[in-house]
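Can you make the complete structure from the sequences, with help from the hints?
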Amino acid sequence: MAEWLGQNTLLLGLALLDGLAYAALVFMVAVGLNLVFGVLRIINIAHGSLFAIGGYAAASLGLFLAAHGLPGWIQYVALVLAAALVGGILGPVIERLVLRRIYGHEQVLQLLVTFALFMILEDVQKLVWGVQPVTNDAPLRLLGTVDVPFGEDVIPFTAYQLFVLPGVALATLGGLAWFLRRTLTGRIIVAVTTDREAATAMGIDARRVFLLTFTFGAGLAALGGALASPTTTLVPGIGASTIVLSFAVVATAGLGQIEGAAISSLLIGIGRSAAVYLAPEFEVVVPYLIMVAVLLVRPQGLFGVVETRRV
Amino acid sequence: MSSTQHALTRRGALALAGAVSGSLLWPGSGRAQAQKPAELKVGITTFLSGTSSVFGVPARQTAEMLFEEINQAGGIGGVPVRALFVDEAPGTEHVVAEYRRLVQNEGVSIIFASISSGSCLACTPLSDELRKTTLLWDCGTQRALEEGRHPYAFRTQGYATPEVLAPLLYLLKTKPDFRTLAVINQDYAWGRDSWEIWKSAMDVLKPGVRVVAELFPRLGATDYSTEVTRLLAARPDVIFSTHWGGDLVTLVRQAAERRLFDRSTFVLPVAEASMQILGRTMPAGHIIGTRGDHWNNHPRPKDPARLARFVDSYRRRFNEYPIYPCHHMYQAISAMQAAYNKAIAAKGGGWPNDQELAAAFRGLEFPTPTSTITLREDGQGLEDQIVGVSTFTDRYPFAVPKDMIIFPAAMVSAPVGQKSVDWVKTLKPELLAQVPAPIAG
Numbered sequence: 021m022a023e024w025l026g027q028n029t030l031l032l033g034l035a036l037l038d039g040l041a042y043a044a045l046v047f048m049v050a051v052g053l054n055l056v057f058g059v060l061r062i063i064n065i066a067h068g069s070l071f072a073i074g075g076y077a078a079a080s081l082g083l084f085l086a087a088h089g090l091p092g093w094i095q096y097v098a099l100v101l102a103a104a105l106v107g108g109i110l111g112p113v114i115e116r117l118v119l120r121r122i123y124g125h126e127q128v129l130q131l132l133v134t135f136a137l138f139m140i141l142e143d144v145q146k147l148v149w150g151v152q153p154v155t156n157d158a159p160l161r162l163l164g165t166v167d168v169p170f171g172e173d174v175i176p177f178t179a180y181q182l183f184v185l186p187g188v189a190l191a192t193l194g195g196l197a198w199f200l201r202r203t204l205t206g207r208i209i210v211a212v213t214t215d216r217e218a219a220t221a222m223g224i225d226a227r228r229v230f231l232l233t234f235t236f237g238a239g240l241a242a243l244g245g246a247l248a249s250p251t252t253t254l255v256p257g258i259g260a261s262t263i264v265l266s267f268a269v270v271a272t273a274g275l276g277q278i279e280g281a282a283i284s285s286l287l288i289g290i291g292r293s294a295a296v297y298l299a300p301e302f303e304v305v306v307p308y309l310i311m312v313a314v315l316l317v318r319p320q321g322l323f324g325v326v327e328t329r330r331v
Numbered sequence: 010m011s012s013t014q015h016a017l018t019r020r021g022a023l024a025l026a027g028a029v030s031g032s033l034l035w036p037g038s039g040r041a042q043a044q045k046p047a048e049l050k051v052g053i054t055t056f057l058s059g060t061s062s063v064f065g066v067p068a069r070q071t072a073e074m075l076f077e078e079i080n081q082a083g084g085i086g087g088v089p090v091r092a093l094f095v096d097e098a099p100g101t102e103h104v105v106a107e108y109r110r111l112v113q114n115e116g117v118s119i120i121f122a123s124i125s126s127g128s129c130l131a132c133t134p135l136s137d138e139l140r141k142t143t144l145l146w147d148c149g150t151q152r153a154l155e156e157g158r159h160p161y162a163f164r165t166q167g168y169a170t171p172e173v174l175a176p177l178l179y180l181l182k183t184k185p186d187f188r189t190l191a192v193i194n195q196d197y198a199w200g201r202d203s204w205e206i207w208k209s210a211m212d213v214l215k216p217g218v219r220v221v222a223e224l225f226p227r228l229g230a231t232d233y234s235t236e237v238t239r240l241l242a243a244r245p246d247v248i249f250s251t252h253w254g255g256d257l258v259t260l261v262r263q264a265a266e267r268r269l270f271d272r273s274t275f276v277l278p279v280a281e282a283s284m285q286i287l288g289r290t291m292p293a294g295h296i297i298g299t300r301g302d303h304w305n306n307h308p309r310p311k312d313p314a315r316l317a318r319f320v321d322s323y324r325r326r327f328n329e330y331p332i333y334p335c336h337h338m339y340q341a342i343s344a345m346q347a348a349y350n351k352a353i354a355a356k357g358g359g360w361p362n363d364q365e366l367a368a369a370f371r372g373l374e375f376p377t378p379t380s381t382i383t384l385r386e387d388g389q390g391l392e393d394q395i396v397g398v399s400t401f402t403d404r405y406p407f408a409v410p411k412d413m414i415i416f417p418a419a420m421v422s423a424p425v426g427q428k429s430v431d432w433v434k435t436l437k438p439e440l441l442a443q444v445p446a447p448i449a450g
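Protein sequence lines, in the order shown, are assigned to chains A and B. First residue of the first sequence? That's 21 in the numbering used here, and the numbers climb one at a time after it. First residue of the second sequence? That's 10 in the numbering used here, and the numbers climb one at a time after it.
Hints may be right or wrong, so weigh each one.
Just some of the chain B residues that point at chain A, by a computed CB distance under 8 Å [as the list claims (entries may be wrong)]:
id: 1; residue: S58
id: 2; residue: G59
id: 3; residue: T60
id: 4; residue: G229
id: 5; residue: T231
id: 6; residue: S234
id: 7; residue: T238
id: 8; residue: L241
id: 9; residue: G254
id: 10; residue: G255
id: 11; residue: R262
id: 12; residue: Q263
id: 13; residue: R267
id: 14; residue: R268
id: 15; residue: I286
From chain A, some residues computed to sit far from chain B (all C-beta separations above 10 Å) [to be verified]:
id: 16; residue: R61
id: 17; residue: A87
id: 18; residue: G89
id: 19; residue: I109
id: 20; residue: F138
id: 21; residue: F199
id: 22; residue: R207
id: 23; residue: I310
id: 24; residue: R318
Derived Cβ-Cβ restraints for the label pairs, each shown as a range [to be verified]:
id: 25; chain 1: B; residue 1: A293; chain 2: A; residue 2: E172; range: 25 to 31 Å
id: 26; chain 1: B; residue 1: G359; chain 2: A; residue 2: L83; range: 52 to 58 Å
id: 27; chain 1: B; residue 1: F401; chain 2: A; residue 2: G150; range: 24 to 30 Å
id: 28; chain 1: B; residue 1: N306; chain 2: A; residue 2: E301; range: 38 to 44 Å
id: 29; chain 1: A; residue 1: I140; chain 2: B; residue 2: D321; range: 35 to 41 Å
id: 30; chain 1: A; residue 1: L147; chain 2: B; residue 2: R324; range: 19 to 25 Å
id: 31; chain 1: B; residue 1: A293; chain 2: A; residue 2: V97; range: 31 to 37 Å
id: 32; chain 1: B; residue 1: N80; chain 2: A; residue 2: W93; range: 49 to 55 Å
id: 33; chain 1: B; residue 1: N80; chain 2: A; residue 2: A136; range: 36 to 42 Å
id: 34; chain 1: B; residue 1: N306; chain 2: A; residue 2: R318; range: 55 to 61 Å
To be clear, the hints were calculated from the coordinates, so they are not data collected in a lab. Backbone N, C-alpha and C define an ideal beta-carbon position, used for all residues, glycine too.
Given below as structure tokens:
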């Protein structure tokens, strides 16, 4: 084992760097999904579409700004602005027109409705952006690369991947934790999450909290897509693959757990990267193997709590 | 006795009813004397949604454009043509059910199936069962026509074996000194099959090449950072990848940004379809293919005016250059026109039934803008392959090949009756001496 570690330490170091960047992207999507479930108790399949539309919107806005000769740093503003626009417009529309009608209904119905929404948004996405791949890698190129020593060699990593993605994910995690625990609005959200009836009896407008939370969750999904857009290529179907992985993260973490989503994103991100180096055949299944392993031991997820069913 | 007679009569009546209803349900039944239809319905399965719609939608656009042109010119044999499209994205079972519906309910005269190799493998037996001429218009799997005889199935373009073997021969001819190689292919049938053909051929044509990494990320992966890091660390002389669509765009962008193209020579047999999107991001000096010979800068197209007319019409209408699935659709439509004309002429102007139409396809030669394709006795089309090195010219805002080699189809295709993987294992290094010289420029 020691000999093996000696030979592969450098490779594992590279896998750790790759895993961190991947985990950051996964976390950005999963945390929104988890927040929405925690408060609204709805598993939102359409979360993947919001990720995709956020990515497309960011790429389009970035390309538009670049075409008009605006300075490079505007590209980073475009990422956040696009996400805010997508979350701010689609979030309230979806919550008001669709989700509000299915609160408290059977989960099967909720899944069907959000799946239908997902299909509609996929088609809207194709209607607007077509089917050919869309890319805008300006934010990636602007920051250049960083050479990481690898024995006598060097391995170039993009600065965006090494610093921006983990940085934004950390800031999101810290900001969310602060917001939920230290601000009045955050505490109201937590109160509604813990006991909606009691919170309503205390005078809290739960419907408003739902609207706010869903809009925020939609914005996080769109931000995940926007941050991914410089490194990936946007094509039809990207939302579907993202939502499947996000569910694995959320199930591993425990539904409704914000910090849990961060830890399970790390587990899955680093596990997947290590698999590419050590057993590439298992790369695709590693996130799901981790999920199954966790759920076998803790059916409520790593950080989930067992709930008593109310009769 | 009487009861036996009664039973026989009832069975006879049932059989008659079955036969009558069968012929009603299958208006295109091969045994029927065909009447000239009011319109020639063509069932086309293609990806209209999901990741592969990057290929499927341009192909549908091509079909719509060409059918309009055919109808403006009077149709085929005086009959207007109409396409009925089916989305392949829901999967093989859906395609099979839709294939039956197109034949039995819609009464299509011919079917174009499919982009997905899995769908092609499912549709070829159906063509036998329903006796419906089926053109495999884009799928590449060598198994479709090698693992059984399908008298109603024809492939109007090349297939996996020549599409992989030609780039390998190009590499061996132009950069013969490589010692290490890595593969990064999508984790599904095409990615695995193309690697099997490449590896089997490489092992006999250049024994001793060390494979330093075999990576098969999932189809539709959004991030290749880890794979790129591993390839950077492994430093292979050559990286082989049959990635396509958005996956290839992501891989090339991430690899280019991290200077992987400076360390290794890439061989990308399906690159053409992604060149427009990659633009200047695609590095020069790497081996690229197009699953055929239909490059926009084809050095010796058979009919330059026809090629220019098609490219210009498509660009005018859709604001982009046609990519290889567009050319494959063009080829299928061209084959259909040629076969109908041949069958109608053979019948003295009469309309062919299904058997007569299928017979017309056997051994058919039909023109494409760049060459002539011949359908062999096993239904496989012989299409030349052009491979070259990525470069930039003033004419196109994206990479095109230079130093192109035109590989004659017969040189890189398994002979009739032989399975590709077995055949490539019999190749000898002497084959390289037969490879034509690159066309300069």
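Status of the hints after comparison with the structure:
For B/S58, the shortest C-beta to C-beta distance to chain A is roughly 6 Å, which falls under 8 Å, so the interface hint holds. Residue-level restraint check for B/G59 holds (minimum Cβ-Cβ distance to chain A is 4 Å; threshold 8 Å). A distance limit of 8 Å between C-beta atoms decides the matter here; for B/T60 the minimum to chain A is near 4 Å, and the interface restraint holds. This hint holds: B/G229 has a C-beta 5 Å from the nearest C-beta of chain A, less than the 8 Å allowed.
Look at B/T231: its Cβ gets to within about 4 Å of chain A, closer than 8 Å, so that hint holds up. For B/S234, the suggested interface contact is upheld, since its CB lies about 5 Å from the closest CB of chain A, less than 8 Å. The beta carbon of B/T238 is positioned within 8 Å of a beta carbon in chain A (closest approach about 5 Å), and the interface hint is therefore held. Using the Cβ-Cβ criterion of 8 Å, the hint placing B/L241 at the interface with chain A is satisfied: the shortest such distance is roughly 5 Å.
With its C-beta approaching chain A no nearer than about 7 Å, B/G254 sits inside the 8 Å limit, and its interface hint holds. Contact between B/G255 and chain A, as hinted, is supported at the beta carbon level, the nearest pair being about 3 Å apart and thus within 8 Å. For the restraint placing B/R262 at the interface with chain A, the shortest Cβ-Cβ distance is roughly 6 Å, inside the 8 Å limit, so the hint holds. The criterion of a C-beta within 8 Å of any C-beta in chain A is met by B/Q263, whose closest approach is roughly 7 Å, and the hint holds.
At a threshold of 8 Å, the smallest CB-CB gap from B/R267 to chain A is about 5 Å, leaving the interface hint in force. A distance limit of 8 Å between C-beta atoms decides the matter here; for B/R268 the minimum to chain A is near 5 Å, and the interface restraint holds. Satisfaction of the interface hint for B/I286 is found here, the shortest Cβ-Cβ separation to chain A being roughly 5 Å, below the 8 Å cut-off. Remark: the non-interface label on A/R61 is consistent with the geometry, its nearest Cβ contact in chain B lying 29 Å away (cut-off 10 Å).
Once the 10 Å rule is applied to beta carbons, A/A87 is consistent with being away from chain B; the minimum gap is 14 Å. With a least CB separation of 18 Å from chain B, A/G89 remains clear of the 10 Å interface cut-off, as annotated. The claim that A/I109 lies off the interface holds: its Cβ sits roughly 24 Å from the closest Cβ of chain B, which is beyond the 10 Å cut-off. Residue placement check: A/F138 keeps its beta carbon more than 10 Å from all beta carbons of chain B (closest about 12 Å).
For A/F199, the condition that its CB be more than 10 Å from all CB atoms of chain B holds, with the nearest at approximately 28 Å. Non-interface call for A/R207 relative to chain B: holds, since the shortest CB-CB distance, roughly 36 Å, exceeds 10 Å. The beta carbon of A/I310 sits about 16 Å from the closest Cβ of chain B, which is more than 10 Å, so the claim that it is off the interface holds. Once the 10 Å rule is applied to beta carbons, A/R318 is consistent with being away from chain B; the minimum gap is 27 Å.
As the Cβ distance of B/A293 to A/E172 is approximately 29 Å, the hint placing it in 25 to 31 Å holds. About 56 Å separates the C-beta atoms of B/G359 and A/L83, a value consistent with the hinted range of 52 to 58 Å. For B/F401 and A/G150, the Cβ-Cβ distance of about 25 Å falls inside the hinted range of 24 to 30 Å, so the restraint holds. About 40 Å separates the C-beta atoms of B/N306 and A/E301, a value consistent with the hinted range of 38 to 44 Å.
Checking the proposed 35 to 41 Å range against A/I140 and B/D321 shows it holds: the Cβ atoms sit about 37 Å from each other. With their beta carbons about 22 Å apart, A/L147 and B/R324 fall inside the hinted range of 19 to 25 Å. For the pair B/A293 and A/V97, the supplied restraint of 31 to 37 Å holds, since their beta-carbon distance comes to about 33 Å. For the pair B/N80 and A/W93, the beta carbons lie near 54 Å from each other, so the given range of 49 to 55 Å is met.
A hinted range of 36 to 42 Å for the beta carbons of B/N80 and A/A136 is consistent with their spacing of about 37 Å. At about 60 Å, the beta-carbon gap between B/N306 and A/R318 stays in the expected band of 55 to 61 Å.
Violated hints: none; the structure is consistent with every hint.
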